[in-house]
Structure formats: C-alpha cells, structure tokens
Amino acid sequence: MTQTKTLNNDFQDIITGRRSIRYYDPSVKISREEMKEILTEATLAPSSVNAQPWRFLVIDSPEGKATLAPLAKFNQSQVETSAAVIAIFGDLKSEENLDEIYDKAVELGYMPQEIRDMQIPKIKAHYAAASEELNKETVLIDSGLVSMQLMLAARAHGYDTNAIGGYEKDQIAEAFGLDKERYAPVMLLSIGKAANSGYPSVRLPIEKVAQFR
1 MTQTKTLNND
11 FQDIITGRRS
21 IRYYDPSVKI
31 SREEMKEILT
41 EATLAPSSVN
51 AQPWRFLVID
61 SPEGKATLAP
71 LAKFNQSQVE
81 TSAAVIAIFG
91 DLKSEENLDE
101 IYDKAVELGY
111 MPQEIRDMQI
121 PKIKAHYAAA
131 SEELNKETVL
141 IDSGLVSMQL
151 MLAARAHGYD
161 TNAIGGYEKD
171 QIAEAFGLDK
181 ERYAPVMLLS
191 IGKAANSGYP
201 SVRLPIEKVA
211 QFR
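Numbering-wise (full-length UniProt numbering), the sequence shown opens with residue 1 and increments by one.
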C-alpha cells in the first residue's frame with residue numbers, strides 16, 4: 001500500500017509539475033541510451049489496431065539544429081538551448097508493419113496464431129478501402145497519444161518539454177531526407193532541463209468541459 005501511494009504521488013507531480021519550457025540549460029545533454037529509454041516508454045501508448053504509426057526524428061546535433069532553425073523561426077530559443085528537438089511524424093503506410101507486429105505477438109504468446117491469421121487480412125482490407133483522409137486522421141490521433149506520453153515520460157526522467165506546432169510542416173520531412181508523402185508531420189517537441197521554472201497556466205473548470213449523463 002505504501003509503494004502504491006508513493007507511485008501515485010510521483011505521478012501527481014509529473015502531471016501537475018509539467019510546464020511548457022522555452023529556455024533550457026544548454027549545458028545539459030541527454031545520452032542516446034536515455035533518449036532511447038524515454039522513446040521506448042512513450043511507445044507504450046495505445047494505437048489503432050496496434051499499428052504504432054509514430055516515427056521520431058531526434059535532432060540533437062549542431063548540424064541537425066542548424067537545419068531545423070530556419071524551419072522553426074518563432075521557436076529559436078527552444079531549438080538553440082534544448083538538449084534535443086524531437087520531430088514527431090505519422091507514418092501513413094504503417095499497415096506495412098502489421099505482419100511484423102502481429103507475428104511477434106504470436107511468438108511471445110500474446111496472441112494465438114489463429115487470431116493473428118483472422119485479423120491481419122481484415123485489417124489490411126480495411127486500410128485498402130479507407131480514404132486517405134480517414135487514414136491520416138487515425139494516424140494523427142495515434143501520434144498525438146504518443147506525443148503526450150512522450151512528454152510525461154520525459155518528465156518522469158527529470159526533463160522538461162515544450163510542444164511546438166509553429167514550424168514549416170511542408171518542408172521538414174524533405175529537409176531531413178524523409179519521404180514527405182509518407183511521413184506526416186505532427187509536432188516538434190523540445191526536451192531538456194529548464195533554465196527557469198516556467199509559468200503555470202489556467203485550465204477551464206471541469207464543469208465547463210465535462211458532462212455527466
């Protein structure tokens with residue numbers, strides 16, 4: 001019971017202590033090993049049919065940041081001072097990974113072979129019949145879920161973040177050698193150690209945003 005209470009308190013701090021940070025301590029770096037841990041924890045987020053359409057581009061080198069800077073003109077402080085900026089994309093052809101995902105689930109004993117064999121053709125048929133608009137909408141929803149989980153995972157590791165929507169979305173994929181027809185930009189997420197405490201922000205009361213019937 002004591003351990004559960006501690007975990008609950010830690011989670012409460014993660015939620016209530018999160019701030020959108022624009023200025024970071026530029027001396028703080030995040031190792032590739034820890035960054036992979038944070039990203040792995042983020043990918044535990046749910047996704048439609050477990051297709052996991054999110055893709056991450058971790059921009060942490062001087063060269064990478066120099067490429068990003070002109071594409072994020074109004075967010076220079078985050079680009080310059082953060083340990084990294086993570087560009088989150090949605091893979092519009094994520095169904096191509098379904099066989100790998102479901103086969104691994106069977107191998108690990110998470111899913112019976114007959115269920116895998118029944119579901120894969122149905123899911124692929126759905127993707128084939130779905131409009132591009134519907135597919136993109138699903139991918140963006142799933143990528144939004146992983147983005148929020150990424151912010152919380154970063155906070156749990158002691159880092160701060162800032163979600164950025166103001167950048168040249170029509171240019172970023174090609175700027176980093178990605179197929180812009182396949183990878184839809186979702187957001188940028190700066191990550192590092194805050195140089196200041198940031199500002200708390202107001203939230204609408206639950207009575208205004210929720211209904212009970």
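Honestly, the hints are just simulated from the structure, not real lab data. Quick reminder that beta carbons are idealized off the backbone N, C-alpha and C, glycines included. Be a bit skeptical, because a hint or two may be false.
[Stated by the list, open to error] Distance condition first, Cα-Cα at most 20 Å in a straight line; then the derived SDA-like pairs of lysine to any residue: (1) LYS124 - LEU98; (2) LYS193 - ALA45; (3) LYS122 - GLY165; (4) LYS93 - ARG182; (5) LYS93 - ARG32; (6) LYS169 - HIS157; (7) LYS169 - LYS122; (8) LYS169 - GLU181; (9) LYS169 - VAL106; (10) LYS122 - ASP103; (11) LYS180 - LYS122; (12) LYS104 - ASP170; (13) LYS180 - LYS208; (14) LYS73 - GLU133; (15) LYS124 - VAL106; (16) LYS169 - LEU152; (17) LYS193 - ASN135; (18) LYS65 - GLU168; (19) LYS36 - PRO70; (20) LYS136 - ASP103; (21) LYS180 - GLY165; (22) LYS29 - GLU80; (23) LYS104 - ALA66; (24) LYS136 - ASN97; (25) LYS193 - LEU39; (26) LYS73 - LYS93; (27) LYS136 - MET187; (28) LYS29 - THR40; (29) LYS193 - GLU168; (30) LYS65 - LEU152; (31) LYS93 - SER77; (32) LYS73 - ASP10; (33) LYS93 - PRO121; (34) LYS65 - GLU181.
[As the list claims (entries may be wrong)] Between beta-carbon pairs, the in silico distance windows are: (35) GLU181 - PRO112: 43 to 53 Å; (36) ASN97 - LYS180: 16 to 26 Å; (37) PRO205 - PRO121: 44 to 54 Å; (38) ARG19 - ALA130: 37 to 47 Å; (39) ALA163 - ASP25: 24 to 34 Å; (40) SER77 - SER201: 39 to 49 Å.
Comparing the hints with the structure gives:
1. LYS124 - LEU98: 9 Å, holds
2. LYS193 - ALA45: Judged against 20 Å, a Cα distance of about 24 Å means the pair is violated.
3. LYS122 - GLY165: Between LYS122 and GLY165 the Cα gap is close to 35 Å, so the pair fails against 20 Å, i.e. violated.
4. LYS93 - ARG182: 7 Å, holds
5. LYS93 - ARG32: 27 Å, violated
6. LYS169 - HIS157: Between LYS169 and HIS157 the Cα gap is close to 29 Å, so the pair fails against 20 Å, i.e. violated.
7. LYS169 - LYS122: 33 Å, violated
8. LYS169 - GLU181: 12 Å, holds
9. LYS169 - VAL106: 38 Å, violated
10. LYS122 - ASP103: Since the Cα atoms of LYS122 and ASP103 sit roughly 15 Å apart, the hinted pair holds (cutoff 20 Å).
11. LYS180 - LYS122: 28 Å, violated
12. LYS104 - ASP170: Roughly 35 Å between the alpha carbons, so the hint for LYS104 and ASP170 is violated.
13. LYS180 - LYS208: Distance of about 39 Å is beyond 20 Å: violated.
14. LYS73 - GLU133: Roughly 29 Å between the alpha carbons, so the hint for LYS73 and GLU133 is violated.
15. LYS124 - VAL106: Roughly 18 Å separates the two Cα atoms, so the pair holds.
16. LYS169 - LEU152: Status violated; Cα separation ~24 Å.
17. LYS193 - ASN135: 36 Å, violated
18. LYS65 - GLU168: OK: LYS65 and GLU168 at ~14 Å, within 20 Å.
19. LYS36 - PRO70: 27 Å, violated
20. LYS136 - ASP103: Violated, at roughly 25 Å.
21. LYS180 - GLY165: Holds, at roughly 17 Å.
22. LYS29 - GLU80: Between LYS29 and GLU80 the Cα gap is close to 12 Å, so the pair holds against 20 Å.
23. LYS104 - ALA66: 39 Å, violated
24. LYS136 - ASN97: Judged against 20 Å, a Cα distance of about 16 Å means the pair holds.
25. LYS193 - LEU39: 17 Å, holds
26. LYS73 - LYS93: 30 Å, violated
27. LYS136 - MET187: The hint holds at about 15 Å.
28. LYS29 - THR40: Status holds; Cα separation ~18 Å.
29. LYS193 - GLU168: 25 Å, violated
30. LYS65 - LEU152: 23 Å, violated
31. LYS93 - SER77: It is violated: about 34 Å lies between the C-alpha atoms, which goes past 20 Å.
32. LYS73 - ASP10: 36 Å, violated
33. LYS93 - PRO121: Given pair LYS93, PRO121 holds - Cα atoms ~16 Å apart, limit 20 Å.
34. LYS65 - GLU181: 23 Å, violated
35. GLU181 - PRO112: 43 to 53 Å: At roughly 36 Å between Cβ atoms, PRO112 and GLU181 fall outside 43 to 53 Å, so the hint is violated.
36. ASN97 - LYS180: 16 to 26 Å: Since the Cβ atoms of ASN97 and LYS180 sit about 19 Å apart, the hinted range of 16 to 26 Å holds.
37. PRO205 - PRO121: 44 to 54 Å: Because 48 Å falls inside the window, the suggested range holds.
38. ARG19 - ALA130: 37 to 47 Å: 38 Å, holds
39. ALA163 - ASP25: 24 to 34 Å: 19 Å, violated
40. SER77 - SER201: 39 to 49 Å: Given about 18 Å between the Cβ atoms, the range is violated.
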